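J.: So the chains spell out like this:
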Amino acid sequence: MTCRTPDQAQAPSRRDFLRSGAALATMTLAPGVTLMAFGGSEAEAAADSGKRWGLLIDASRCAPGCSDCVSACKTENGWSGHGDPERDVQWIRKVTLKEKATGREVNLPMMCQHCESPPCVDVCPTGASFKRDDGIVLVDKHICIGCRYCMMACPFKARSFVHEPVTNQKPHAPRGVGTVESCTLCVHRVDAGGIPACVEACTAAGHGAMVFGDLRDPESEISRRLAEFPSAALRPDLDLNPGVRYAEI
Amino acid sequence: MAIDRTIYREIPFTPRLWAVTALLGAFLLGGVWAFAHVEHQGHVATGMTNQVVWGLPHVFAIFLIVAASGALNVASIASVFDNKPYKPLSRLSGVLAISLLAGGLAVLVLDLGRPDRLIVQMTHFNFTSIFTWNILLYSGFLGIVALYLWVQMDRNVHPKWTRPAGLLAFVWRLALTTGTGSIFGWLVARPGYDAAIMAPLFIAMSFALGLAVFILVLQALCALSPCPLGQALTARLTRLLALFVAAALYFTAVQHLTNLYAAEHAGIEAFILRDGGIYTTLFWGVQVGLGALLPLLLVYGRRTPPSAGLSAGVSLLVILGGLAQLYVIVVGGQAYPMELFPGYVVTSGFHDGQIAGYGPSLPEIALGLGGVALALLATGLGAKILRVLPTNLSDQNLAAKG
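Which chain is which? The protein sequence lines are A and Y, in order. If you use this note's numbering, the first sequence corresponds to residues 3 to 251, in order. If you use this note's numbering, the second sequence corresponds to residues 1384 to 1785, in order.
It should be emphasised that the hints constitute simulated quantities derived from the structure, not laboratory data. It should be emphasised that the depicted structure is a prediction, and the values quoted were computed from it without experimental measurement. Heads up, a few of these hints could be off.
Claimed, not checked - Distance ranges between label pairs, derived from CB positions:
id : chain 1 : residue 1 : chain 2 : residue 2 : range
1  : A       : T205      : Y       : T1506     : 42 to 52 Å
2  : Y       : H1423     : A       : A229      : 49 to 59 Å
3  : Y       : G1672     : A       : D86       : 50 to 60 Å
4  : Y       : L1656     : A       : R106      : 46 to 56 Å
5  : A       : P173      : Y       : I1768     : 52 to 62 Å
6  : Y       : L1656     : A       : R226      : 42 to 52 Å
7  : Y       : L1699     : A       : K100      : 40 to 50 Å
8  : Y       : V1415     : A       : A207      : 49 to 59 Å
9  : A       : Q171      : Y       : G1696     : 53 to 63 Å
10 : Y       : M1536     : A       : Q171      : 46 to 56 Å
11 : Y       : G1696     : A       : P87       : 36 to 46 Å
Claimed, not checked - A few chain Y residues that face chain A, going by a derived Cβ cut-off under 8 Å, partial list only:
id : residue
12 : A1402
13 : W1437
14 : G1496
15 : V1571
16 : L1656
17 : Y1727
Stated by the list, open to error - No farther apart than 25 Å at their CA atoms in a straight line, the calculated lysine to aspartate or glutamate pairs in the DMTMM-like style are these:
id : chain 1 : residue 1 : chain 2 : residue 2
18 : Y       : K1767     : Y       : E1393
19 : A       : K143      : Y       : E1422
20 : A       : K100      : A       : D239
21 : A       : K53       : A       : E202
22 : A       : K102      : Y       : E1647
23 : A       : K172      : Y       : D1499
24 : Y       : K1467     : Y       : E1722
25 : A       : K133      : Y       : D1577
26 : A       : K100      : Y       : D1658
27 : A       : K143      : A       : E107
28 : A       : K100      : Y       : E1722
29 : A       : K102      : Y       : D1658
30 : A       : K133      : A       : E230
31 : A       : K133      : A       : E250
32 : A       : K172      : Y       : E1422
33 : A       : K102      : Y       : D1499
34 : A       : K76       : A       : D142
35 : A       : K76       : A       : E166
36 : A       : K100      : A       : E250
37 : A       : K100      : A       : E88
38 : A       : K143      : Y       : D1499
39 : A       : K53       : A       : E118
40 : Y       : K1467     : Y       : E1393
We treat Cβ as the ideally placed atom computed from N, Cα and C, and that holds for glycine.
Work out the full structure: start from the sequences and follow the hints.
T.: Right, dumping it as C-alpha cells:
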C-alpha cells in the first residue's frame, strides 16, 4: 500500500490535473455526457486521491428483522427485484451468520467491499471495473460487455448481472440490461459531500450500525473506532484490504 | 512398396454433402434464434442466474476453444516431430483448428450481456486480465495457423519454412490452452478453482478433445468424398487418443488428490466426488467412466487395432466425457457456495451458503450446438474450397511410410 504524507495528499498529481481537465471539458462541451478522454471518466475525475472511503459495520447493532439499509439503497439507486431471487440484483443484502461452534447468531449487511486490490478490477477484460483514487470500486456502464468474469472473481458475491430490461432508472445511477452492477457507495452523494443512503437510513432508524468515513483521516469517526475497537475484514486470507470492515461478529 | 504422392482434393458436391450441410445449417439457424431470443429478452431467458453466472454456452465455448488447439496437434506431430504418416493430415488439422476456435469464440461473444460492444473489447484492454491475454492468444492463434496453412499450401514457399511455422503454432497453442485453463486457475475466490494445475489439465484435455474431434471429422469428410481412409491410420490416431485420455485422467486425479490433502478444500471435494448429485454423477459416470476408463479399456484391452467403428465410438465417448468434465468444472465450481465467513453457517435471501441450482435452457443448448455447427460448417467449407483433404490415406501408404 502506498502511503502519502498529508502534503502529498493535498497536492494534486499531474494525473489528477489531466482528469480534472477531462471533467471540465465534459461539463463545458456536453453537460451530462461522460467524456472518456485521458482514460478517465467524470466519476473518476471527482475522486480525491487523498481520501479512502470506507464503512464500519457493527454487527451487534444490526437488528435481525431490519432491512432499512437495503430498502434505502433500492430507493436511492432504483433497483428492485422481479420476484426471482436467483436472478434479482442485490446491491446490498442482509445475511445471518450462525457460529458453528456455539450457535450464536449475528446479522449484518453485505455489499461490495471496495477492496484496495479488487479481483473484479484485475479480471475485467475491458477495464469497465475500476477503482477510483478514493477507493470506491465502480463499473463503467459504457464499456461493460457483460462477460460476468468479475462476478466469478468477486469473493463476496457482491456483484449482480442485470438479466432483464430496466425501467425508471435514476439519473445518478445508470443501469442497463446485460451489464454488471454493484454497490457504488452512493458515489453521487459522496462526491456531493454526503453519505451513502444505507448509512443514513441505519442512523435514522436509531441503530447506528454503519459508520461511513475517510479511512485515511486519523481524526474521522471511522478511523478512531477502528483504532479503538477490534474489527475484521472479510476473507483476510486473500489480502484484499477491503474498505468495509466488520465489528462484533 | 511405392508411396502415392500426396494429392489434395476438394470434396465434391454430392447429395449427401448437401444433406449434411442442411442439417448443420439447421443447427446454425437454431443458434442464431437463440442469440436473437436472449438478446431481446435478456439473460432471464436462460438458465443462468446471479448464482451460476456461466452456464452451458461457456461449456460449449470452452470445449470448442480447447478442442481447437488440440486439433492442431496432428499438424504439429507431422511438422514439429517429423512423423511422416501424419503429414498429409496437416492441412485439415489447421483448417479444423481455425474453425473450432471460430465456433467457440462465436458462442462466447454471442452469450455476452452486450455482444454489440465487441468493438469495445477490441479497443479497451486491461492487461491484468487473463481474459484480455486470451483474446490476444485467440487472435494470434487464428493468424499463426493461417500463416502455417499458407506456408504448407503455397507452392512458392520453400518447404523449409513448414517446420518453423509449425513450431511457432505448437508453442502458441500451448500458451493458448494455458491461458484458457488460467481463466479458472487464477480465480482465487472460489474453492473449485484457484489451482495452477488447471493450466496443464486444460492442455491435456485439449490434446484428447481435439484429437477426438479430428478423428470424427476426418472420418466424416472421407465418407463424403472419394478419399479412401485406411483403418490403420485411424487406429494409430485412436491409440494416440487413448494416451491423451490417460494424461487428462492423470491430471484430473492429481487435481483432486491435491485438494483432498488440504482441509480447506474438503467441502468442494466432498461436493464433486460424493454429495454433488448431478455433478458427482457426471464426474464419476460420464467424465471418468464413459469418457476415460471405457475408452482406455476399449483401446488397450484388445490385441487387434481398433476398427473404424470403434475409433468413432471411442472418439464420441471422449467428447462426451470432455463435455461432462467442463460442465463439472464450470457449473459445479459455481454451484458450490463460496465461504464468506469461515466458521459460520451463512444464510440470506440471496442463496448465500446454499448449493446453487442450474438447469440449461433451450436457448443455451441451441446456442452451444449452433457454435458446433458453425465450426463444422466452416471446416466443411474449407474442405470444399481448399485442397486440404489428401487422397493417399490408404493402409498401403501408411505401411510404406512406417
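J.: When the structure is checked against the list of hints, which entries are broken? Sort them ascending.
T.: Result: hints 3, 4, 12, 16, 24, 27, 30, 31, 33 break, sorted rising.
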